[in-house]
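Colleague: Below, each chain spelled out in residue letters.
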Amino acid sequence: MDFILPLYKNGLISPEANLFFAVVMGFAFGFVLERTGFTRSQYIADTFYFKNLAVPKIMGVTVITATTWFILFASMGWIDLGALFTPKTYVWPYLVGGLLFGLGMVMAGYCPGTAVAGLGTGKSDALVFILGLFGGAFLYFLLYPMIADFASSTDLGVLKLHDLFGGNEYTSYILTVIVESAIIGFLMILQKLTNKGEKA
Amino acid sequence: MEKQYWNPYFGGVVLGTMLFLVFAIASQGFGASGTFSRATAQLLVDSDKSWLHNAYIASYFRHGGSALNNWTVIETVGILLGGFASALLAGRFMFRPDKARRYPVAKRFLWAFVGGMIIEFSTRLTRGCTSGQGLDGMATFSVGTWIFMFAVFAAALIFSPLFRKQWVDDDIEEGGA
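Note that the protein sequences, when read in sequence, are chains A and B.
Residue numbers for the first sequence follow this note's numbering, beginning at 4 and rising by one.
Residue numbers for the second sequence follow this note's numbering, beginning at 1191 and rising by one.
In short, the hints are calculated from the structure, not lab data.
Glycine included, every Cβ here is placed at the ideal spot set by N, Cα and C.
Keep in mind that a hint or two might mislead.
Coverage of chain B stretches by chain A, computed from C-beta distances (three or more under 8 Å per stretch; other residues unrestricted) [unchecked claim]:
hint, region
1, 1195–1204
2, 1222–1236
3, 1276–1287
4, 1323–1335
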């Protein structure tokens, strides 16, 4: 079957057009991050004190929406889901890296994307955070000879949910929708329990 | 007067549709952390060619050109411009740090810097941040991304009491607002 999408992998747009598209989509991404409050570190950090669940709500609905489009287009034979860039799975590096990332996130209130958009809105703490990003990359380069083996350990390659639980992409889609909805629901219950007496 | 932020569910539908579009066209999703790793590598190599002996840095120069000749780097410039345009239009552009009202700015900057270092370091292990690994990987059903996301939220919750003063306005006046 001849797929049309994704356009770039199928050679339907030039590398130059794809780079132009990068600026356009980046602009839209930054715009929406600002519109949704993601450019404020305090707003993001509110998540971890159950003051405001906008961050997990937006992330969950984003994933549900994107995967719904994917499954719809795939069922029509319009998109080759196998051609979409999918991160590989490295179990221990992701676990350790994720824990470090979480510590950094509650400490700094930003992640790299939201800080870039935040800098665009004039946040001085986002600027300082971005200087820290350069420092972190530098530190990684220095330590790389020592941690290279760990960084590429437990490499499971591209591993999708349905490779683990059986079935096909539809199985993964249904699992994704269930888990994202459950997380949002669970956090809303926790928020009710932890904010007794406080206004939401 | 500032405009209100978008309803999170509406924001999610817009962002999810954009995530679909970016994959459908560029064949890859959003990202950001790679930009700073590449920029750092480029700065180091510009200052001293011997940095190319570092295997990680060398991987950015394999194709011969600049480390910054990359889709995600270009996209990151767009993110900056988009954030600026939206803030300007919403009347929210302001040069200030974000924090709880009484928290000292110097400490806020210290945590922003140290947190930034920890985050960029960790994204080298996790091959991306909450965009390039988190959103993109969840949207493409990657198992590893779920390991990453649960680890991120677990650690953020575990360490959250240490940083409460930085973020939460525990004032009495808050109740009367």
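Colleague: Now tell me, hint by hint, if it's right for this structure.
Modeller: Hint by hint, here is what the structure shows:
no.	hint	in the structure
1	1195–1204	holds (count 8)
2	1222–1236	holds (count 10)
3	1276–1287	holds (count 9)
4	1323–1335	holds (count 13)
Of the numbered hints given earlier, the model fails none.
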